[in-house]
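Residue 40 in our numbering sits at position 40 of the sequence shown, and the numbers go up by one each step.
If you are wondering where the hints come from, they were derived from the structure by calculation, not from laboratory data.
It is possible that part of the hints are untrue.
Said to hold, decoys possible - Each computed DMTMM-like pair below joins lysine to aspartate or glutamate, with the alpha-carbon atoms no more than 25 Å apart:
| # | residue 1 | residue 2 |
| --- | --- | --- |
| 1 | Lys172 | Glu157 |
| 2 | Lys172 | Glu142 |
| 3 | Lys131 | Glu62 |
| 4 | Lys44 | Glu59 |
| 5 | Lys44 | Glu21 |
| 6 | Lys188 | Glu142 |
| 7 | Lys9 | Glu51 |
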Amino acid sequence: MSEPVRLSKRLVEQLGCSRREAELYIEGGWVTVDGVVVEQPQFKVEQQHVELLPGARAESLEPVTLLLHQGAGMDNETARLGLNMTSLSEAHREGVRPLHGHFTRQACVAPLEPGASGLQVFTQDWRVTRKINADLRKLEQEFVVQVRGEASAQMLERLARGVTRNDRELPKAKASWQNETHLRFALKRV
Numbered sequence: 001m002s003e004p005v006r007l008s009k010r011l012v013e014q015l016g017c018s019r020r021e022a023e024l025y026i027e028g029g030w031v032t033v034d035g036v037v038v039e040q041p042q043f044k045v046e047q048q049h050v051e052l053l054p055g056a057r058a059e060s061l062e063p064v065t066l067l068l069h070q071g072a073g074m075d076n077e078t079a080r081l082g083l084n085m086t087s088l089s090e091a092h093r094e095g096v097r098p099l100h101g102h103f104t105r106q107a108c109v110a111p112l113e114p115g116a117s118g119l120q121v122f123t124q125d126w127r128v129t130r131k132i133n134a135d136l137r138k139l140e141q142e143f144v145v146q147v148r149g150e151a152s153a154q155m156l157e158r159l160a161r162g163v164t165r166n167d168r169e170l171p172k173a174k175a176s177w178q179n180e181t182h183l184r185f186a187l188k189r190v
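Required output: the full structure, derived from the provided sequences and hints.
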């Protein structure tokens, strides 16, 4: 019986390709071991059947950006850890080969305030990060806040001029009633 070897080494022996090419095939989801896709180049194989899928390309994975609705009780790190193959929407699986590499090294762009819920952007793409950060000061963010009691027209005007709370200057906000119990704020980051 032979010693187990890394999958990348076995692929190099079978195809006569470079080690880097073998790793790219494997990380790209193009290699099967006994019919099951394996994406880890260091995966140990012995006598199993290793095969390169048709159409295989030895290319680096393109960076991906994932969108998530983050619930109010969830922090950014918990949200990031929840991004995986099983949490991917069925609508987004069609025509896409989700790979484990799509869910690694995801960085949160413009994190939500603690306790807030809403759209969260996670990306591997430095261009997406740069674009969002460049536009963040220009973009309005919308907050819907549940309130008790009533806010007068003067209070809403005061919010539009900006207020200070706990020695922190809050940005000027457009405020309006969404319904009897919810105020809608639209503001730009400072």
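Results of checking the hints against the structure:
no.: 1; hint: Lys172 - Glu157; in the structure: 10 Å, holds
no.: 2; hint: Lys172 - Glu142; in the structure: 12 Å, holds
no.: 3; hint: Lys131 - Glu62; in the structure: 17 Å, holds
no.: 4; hint: Lys44 - Glu59; in the structure: 22 Å, holds
no.: 5; hint: Lys44 - Glu21; in the structure: 18 Å, holds
no.: 6; hint: Lys188 - Glu142; in the structure: 9 Å, holds
no.: 7; hint: Lys9 - Glu51; in the structure: 13 Å, holds
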